[in-house]
Structure formats: C-alpha cells, structure tokens
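Undergrad: The chain contents come next:
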Amino acid sequence: MKAYIKYIVCFCLIIVGVLCTINIVNTFNVHSSEYGKSFRIEQQQQTELSKFDDVRLTSFETQDYSVYKTVTTFAHEEFDGRDKNIALTVNEQPATDVTVSSGKVTGVFELNFYNLDGDKITTAQVNIAIEYYASQTVVTITVRNENDSLAYLNAYVEINGFVLRVLERGTK
Amino acid sequence: MNKTTRIFNICLYAVTAVFVCLILFNIYICTGGKGMVPSAITSTYATRVTDPETGEDLPIIEANYYANANHGRGYEVVELLFNAYSGTGKQAIYSRGFQLIILRHSNGMIIGQQLYYLDRNNSKQGFVSAHPYAWGDKMPININDKLYGIALDGTYLEQHWEPDWRTHATGWLFGLSYICHWGGNMVDNAEATKYTWEDLLLKVAEIIRSCSNGTGDSVISLVDLANYLHVYEYDEESGQFAGEAIGARTLQNSYFTMQTHYDLRGMATAKQSMFGSVAGDSSYNVSGVSDDVDYYQATSVYNLTEADFEENYSAVEGGYYYSLPTAKINEIKGLKNIELNITFNIANLNKKVLGFYNHALYGVKVKSLSITADQNQDFALMTNCLKDTGLTQITTKNINLINNGAGVEL
Numbered sequence: 001m002k003a004y005i006k007y008i009v010c011f012c013l014i015i016v017g018v019l020c021t022i023n024i025v026n027t028f029n030v031h032s033s034e035y036g037k038s039f040r041i042e043q044q045q046q047t048e049l050s051k052f053d054d055v056r057l058t059s060f061e062t063q064d065y066s067v068y069k070t071v072t073t074f075a076h077e078e079f080d081g082r083d084k085n086i087a088l089t090v091n092e093q094p095a096t097d098v099t100v101s102s103g104k105v106t107g108v109f110e111l112n113f114y115n116l117d118g119d120k121i122t123t124a125q126v127n128i129a130i131e132y133y134a135s136q137t138v139v140t141i142t143v144r145n146e147n148d149s150l151a152y153l154n155a156y157v158e159i160n161g162f163v164l165r166v167l168e169r170g171t172k
Numbered sequence: 001m002n003k004t005t006r007i008f009n010i011c012l013y014a015v016t017a018v019f020v021c022l023i024l025f026n027i028y029i030c031t032g033g034k035g036m037v038p039s040a041i042t043s044t045y046a047t048r049v050t051d052p053e054t055g056e057d058l059p060i061i062e063a064n065y066y067a068n069a070n071h072g073r074g075y076e077v078v079e080l081l082f083n084a085y086s087g088t089g090k091q092a093i094y095s096r097g098f099q100l101i102i103l104r105h106s107n108g109m110i111i112g113q114q115l116y117y118l119d120r121n122n123s124k125q126g127f128v129s130a131h132p133y134a135w136g137d138k139m140p141i142n143i144n145d146k147l148y149g150i151a152l153d154g155t156y157l158e159q160h161w162e163p164d165w166r167t168h169a170t171g172w173l174f175g176l177s178y179i180c181h182w183g184g185n186m187v188d189n190a191e192a193t194k195y196t197w198e199d200l201l202l203k204v205a206e207i208i209r210s211c212s213n214g215t216g217d218s219v220i221s222l223v224d225l226a227n228y229l230h231v232y233e234y235d236e237e238s239g240q241f242a243g244e245a246i247g248a249r250t251l252q253n254s255y256f257t258m259q260t261h262y263d264l265r266g267m268a269t270a271k272q273s274m275f276g277s278v279a280g281d282s283s284y285n286v287s288g289v290s291d292d293v294d295y296y297q298a299t300s301v302y303n304l305t306e307a308d309f310e311e312n313y314s315a316v317e318g319g320y321y322y323s324l325p326t327a328k329i330n331e332i333k334g335l336k337n338i339e340l341n342i343t344f345n346i347a348n349l350n351k352k353v354l355g356f357y358n359h360a361l362y363g364v365k366v367k368s369l370s371i372t373a374d375q376n377q378d379f380a381l382m383t384n385c386l387k388d389t390g391l392t393q394i395t396t397k398n399i400n401l402i403n404n405g406a407g408v409e410l
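These protein sequence lines are chains A and B, in that order. According to my numbering, the first sequence is numbered sequentially starting from 1. According to my numbering, the second sequence is numbered sequentially starting from 1.
Here chain A stands alone, though its shape is the one from the complex (with noise of 0.2 angstroms):
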C-alpha cells in the first residue's frame, strides 16, 4: 500500500512540475510586439499663437437694426504677423479670407444652416478682428442679421461654443 501512496505522490508531482515548466517556458519566452500602427501626424505642422475661449457674444451693441457688434477683451498677447503664414479657426474650423498684418488678423466665419430636407435655411457671416494692442487684445465680432442668421448663431454657439484660435502654420 505504501508503494502505491509514494508512486501516487510522485505521479502529482510529475504532473504540476509539467504544468509548472509550462508557465515558466512562457513566463521567459516573452517578447516585445506591437499591434495597430502608432498615430501618424498627418496634419501640417502649425503653432497656436492665440486662443480666445471666451469670446463674448451674448450682449451685441447694435449699429442699427441689422449689423451686431460685440467687442470682448483680453490680456496683453506677443504678435507680429510679418512674413508669416498665419491661419484663423472657430472650433477648428477654419475662417476665410484671412488677412494679416503686424498686429492684427481678420477673417470671415460663415455658417450655413440646412433644415430636415437639406434646403438652406440661412447663412450667418460673422467678421472677426484680433487687435493685439500693447496693453490689450481686443476681439471684435461683427454680425448682418439677415432672415434670423443671428438666432441660428446663437444656437449653434449654445451647443458648440465659440473657440478662436490664431495658428502659424509652417507650410502652405
């Protein structure tokens, strides 16, 4: 019986030592791999020179009836536009026309509304002015209301907010 017990114990023993020099064999076959491809910078190479977050555009003075102007100012900002390609984006999007001088970038953001049917409801224009003064930046925000354009901005601006961002871009 004892011969039994001792065989038996040796046979258990065998087994986990198996199972044991599996994990090990695994455990030391380790090796570095990699899976999917890293991110690739696609995009252009460009620097932020300015970001403007909390651009006002609750309280527009009128100048009449049609045009909306709201003025919002901010601290003290480096710029010089000189002989630099210079980009202007709300919400990442990006403004056209775009000009550019020593200490002041402007540019037109516009927006087309569409209903459920895809037909235009209307077009909000909105004019951005970035003065970088000596002792302030000041951003102007010019608005035509035109078949409610204003309402639909301020929608729009309700669920995207209203991010300004100046970048230099390094190629055209």
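Don't take every hint at face value.
Said to hold, decoys possible - Straight-line distance between alpha carbons at most 25 angstroms, and here's what the computed PhoX-like set of lysine-lysine pairs gives: (1) A:Lys2 with B:Lys3; (2) A:Lys84 with B:Lys328; (3) B:Lys333 with B:Lys365; (4) B:Lys365 with B:Lys387; (5) B:Lys328 with A:Lys104; (6) B:Lys365 with B:Lys328; (7) B:Lys397 with A:Lys51; (8) B:Lys333 with A:Lys84; (9) B:Lys328 with A:Lys51; (10) A:Lys120 with B:Lys351; (11) B:Lys397 with B:Lys351; (12) B:Lys333 with A:Lys120; (13) B:Lys328 with B:Lys351; (14) B:Lys336 with B:Lys367; (15) B:Lys387 with B:Lys336; (16) A:Lys104 with A:Lys69; (17) B:Lys367 with B:Lys333; (18) A:Lys51 with A:Lys84; (19) A:Lys104 with A:Lys51; (20) B:Lys352 with B:Lys397; (21) B:Lys387 with B:Lys333; (22) A:Lys51 with A:Lys69; (23) A:Lys120 with B:Lys365; (24) B:Lys352 with B:Lys328; (25) B:Lys397 with B:Lys365; (26) B:Lys387 with B:Lys397; (27) B:Lys90 with B:Lys146; (28) B:Lys397 with B:Lys336; (29) B:Lys3 with A:Lys6; (30) B:Lys146 with B:Lys194; (31) B:Lys336 with A:Lys51; (32) B:Lys352 with B:Lys333; (33) B:Lys336 with B:Lys365; (34) B:Lys367 with A:Lys120; (35) A:Lys104 with A:Lys84; (36) B:Lys367 with B:Lys397.
Simulated from the structure, these hints should not be mistaken for lab results. Remember, predicted model here, so these are calculated numbers, not experimental data.
Take the given structure of chain A and dock chain B to it, following the hints.
TA: Below, chain B alone, put in the same frame as chain A:
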C-alpha cells in the same frame, strides 16, 4: 525488491526531484522573483474603425467633457462613446456608450454621480441603450484589418491597514503600540477590485482636462488605458475571443486615439450631448435659447483660391500644372461639416497655366469649382484630378475644359 524495480524507483525519485525544483522555482517567480523575468512590452494602437455600410472611418472612442467650471447653467458631464462592430461578422457599427453626470460640492469633492447607458442611434426612450455594455463585454474592433475585442476588465488592488504581529500579540494593551512605535502596514487586499465604467469616465475627464489641447474639439492620441481596457485576439477558426488578453505576460500599453470636446460650460441642452440626451431626457434645455430656432446641420464655408495651389512645371509643354498641397488636402479631409468652394482665376497667376495636375483634388469633397481666365484658353483636367470630389459641374469663363481622365463625369 529486484534490481529493475530499484532502478525504476531511483529514476522516478530523480525525475520527481527535478520537477519539485521546477515547482518551487515557479512559485518563486510568481511571488517574489519578478526581477528575473525578462521585460517585454506589448503595445496596442486602436485608432479607427470603418463603417461597413457607409465606408466612413470613425474613431473608436469619442469623449465629451463639459466641466461646468463657472457653476452656471447645466450639469458637469462626461460622455464616452465606443464605435465598435455589432458582432464578429462586422456587419454594422454600434455607437453606444455612457454619460456620467457629476454633482460636486463647492470645494470640488464629488458628492454624487449618476451613470446612464446610451445609444446614439436609438432615439426611443431618450437614447437609453437596450443593450448596455457590462464589465468584461468584448467590443469588436479592427486593428490592421484583423478583428480584436476590447473589454473593460481591468482590476486593481485596494489596500487596508494590517496590524503587525506585535500589535496582534499585545493588542493596544497599555498603549504599548503607541509607546514602542509599532503598529502595522498598508497591505494589498486579497481580492482585486474591478474598475467600473464610472472609474473609466472619471479618468477620461482627467485626461481631457489635463491635455495641452485645451478647450474645444481636438484629437488626443496615445491615450494609455491599459489599466482599464484590455485587447483580445479573435480566433477565426473557433469563432471565439482568446481567453487571455494580448500581452498578458508583459507590460501592456493599450493606446487609444480619442476624438474629444472639452467645454468649460455646463451641459445645458440635450443638443450638446453626443447622444442627444441628458439624464435620459432628449428635450432637456436650460440654456435659455429656444428650441424653436432649430436646424438639422450647420456647415462652415471654406473658400480657396488659386493662391492656395502649388505649381508643377512641365518642361515639355512649357507651362504649369496646379494641385493642392498634400498638407492642405490632409487638413481639409480632417474637417467635418465644411463646404469647400474653389475659385481658380488664371489671370491672377501671370503664368502659362496648363491645367490641374494628376490627383490635384483627389478625394477632397468640393461644393463648387470655378475656373476663369481673361482670354480664351484650354485647361486640362489630368488623371484623377477630380476623382471622389463629388463635383458634377464646373463654372467656367473663357475656359475650354479638356478631360484627360479627370475621374468625374461633367
């Protein structure tokens, strides 16, 4: 005992002794001997998934964080959405995820939170998902055209204070522990604690808040969520996901690319939510802006001119072909909801213009294209220059278009 039996026993004992050593060595490396194990790293990059119905590339993870930093209207909300296949057959995309509404004390401590399971494509019942993801559920995705599954099944060990043997022996009798400066240590719990979806969403909010991208829309690459999410290989033959995550025996880095929106305001209207719902209410609106002013889509207008093109000189023809730079094409392809209008005025270039070069606007969706000149001339549209632009007509003035395989029917 005869000689054969004796030899057999000796061999058996020798083999058993060897395996006992291996058992002890295995116990050692599993417990204290981690330093002996060679270091290896498994890196997984999960970025995008292709919708089989539309062919559109979608980010695997989208996240919103409305911080309500000014404690104004609306809630502090974190949203996390997974674009994953409906099943291993990859027949459709499910866009399902979570919305966590956070209530904070004025000192910043979280005093309450509520998690909602939502489905972007199911407008019934306030977008509440009928099939919420549970801990351990595998979401099928693609990596290098191969099927994998990602699951929230990370765990961590919480710690508790364990008094040492002297404190056990003497208890707090006569304050001996205090006098002799013995007490105990923080030790790991025996049982691991599972990470929850709330833990993951709070981590995502922290990543978005601390990212240098700041507020607005952005893409955050190389977000390592290996502690929370694990990736499993799919075996085509058995039709099952592997029982062990890839790289389970190595240091794991599971990198995800997140498309994010970070807003310092609170979420004040259901329209801000990526699911179209706040706390299960698809008509939620405390913004002060009436829902009467509503629209289906807002698209921004982007105008390009001939100045945005780069030129390619043809010595044979003694003139220039034009195309958009690759950087500009990649920029435009990365934009959503834009209407691209191109006005190409040859008179502004003061050069001999031959036409658009091969692949000049390939793959760029163009709303309108206008080509004009002061005097009548030919304008060649070279191979695939307008392929996949969606153009059906071109506005011209003093231009004779020559279609050399432009890739579009005009």
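Undergrad: Take the hints in turn and mark each one as holding or not.
TA: For each hint, the structure was consulted:
1. A:Lys2 with B:Lys3: holds (19 angstroms)
2. A:Lys84 with B:Lys328: holds (16 angstroms)
3. B:Lys333 with B:Lys365: At roughly 8 angstroms apart (the allowed maximum being 25 angstroms), Lys365 (chain B) and Lys333 (chain B) satisfy the hint.
4. B:Lys365 with B:Lys387: holds (9 angstroms)
5. B:Lys328 with A:Lys104: Satisfied, since the Cα-Cα distance of roughly 24 angstroms is no more than 25 angstroms.
6. B:Lys365 with B:Lys328: Holds, at about 13 angstroms.
7. B:Lys397 with A:Lys51: violated (41 angstroms)
8. B:Lys333 with A:Lys84: The given pair, whose Cα atoms are some 24 angstroms apart, holds under the 25 angstroms limit.
9. B:Lys328 with A:Lys51: holds (22 angstroms)
10. A:Lys120 with B:Lys351: Violated, at about 38 angstroms.
11. B:Lys397 with B:Lys351: Holds. Lys397 (chain B) to Lys351 (chain B) sits at ~18 angstroms (cutoff 25 angstroms).
12. B:Lys333 with A:Lys120: holds (23 angstroms)
13. B:Lys328 with B:Lys351: holds (22 angstroms)
14. B:Lys336 with B:Lys367: Holds, at about 13 angstroms.
15. B:Lys387 with B:Lys336: holds (19 angstroms)
16. A:Lys104 with A:Lys69: Roughly 18 angstroms separates the two Cα atoms, so the pair holds.
17. B:Lys367 with B:Lys333: holds (14 angstroms)
18. A:Lys51 with A:Lys84: Distance of about 17 angstroms is within 25 angstroms: holds.
19. A:Lys104 with A:Lys51: The hint holds at about 14 angstroms.
20. B:Lys352 with B:Lys397: holds (17 angstroms)
21. B:Lys387 with B:Lys333: Within the cut-off at roughly 14 angstroms; holds.
22. A:Lys51 with A:Lys69: holds (20 angstroms)
23. A:Lys120 with B:Lys365: holds (19 angstroms)
24. B:Lys352 with B:Lys328: holds (23 angstroms)
25. B:Lys397 with B:Lys365: Holds, because 22 angstroms separates the two Cα atoms, which is no more than 25 angstroms.
26. B:Lys387 with B:Lys397: Cα-Cα ~22 angstroms, so holds.
27. B:Lys90 with B:Lys146: holds (11 angstroms)
28. B:Lys397 with B:Lys336: violated (31 angstroms)
29. B:Lys3 with A:Lys6: holds (18 angstroms)
30. B:Lys146 with B:Lys194: violated (28 angstroms)
31. B:Lys336 with A:Lys51: holds (20 angstroms)
32. B:Lys352 with B:Lys333: Violated - the C-alpha atoms of Lys333 (chain B) and Lys352 (chain B) are around 30 angstroms apart, more than 25 angstroms.
33. B:Lys336 with B:Lys365: The hint holds at about 11 angstroms.
34. B:Lys367 with A:Lys120: holds (14 angstroms)
35. A:Lys104 with A:Lys84: Holds - the C-alpha atoms of Lys84 (chain A) and Lys104 (chain A) are around 12 angstroms apart, at most 25 angstroms.
36. B:Lys367 with B:Lys397: holds (18 angstroms)
The structure shown violates the earlier hints numbered 7, 10, 28, 30 and 32.
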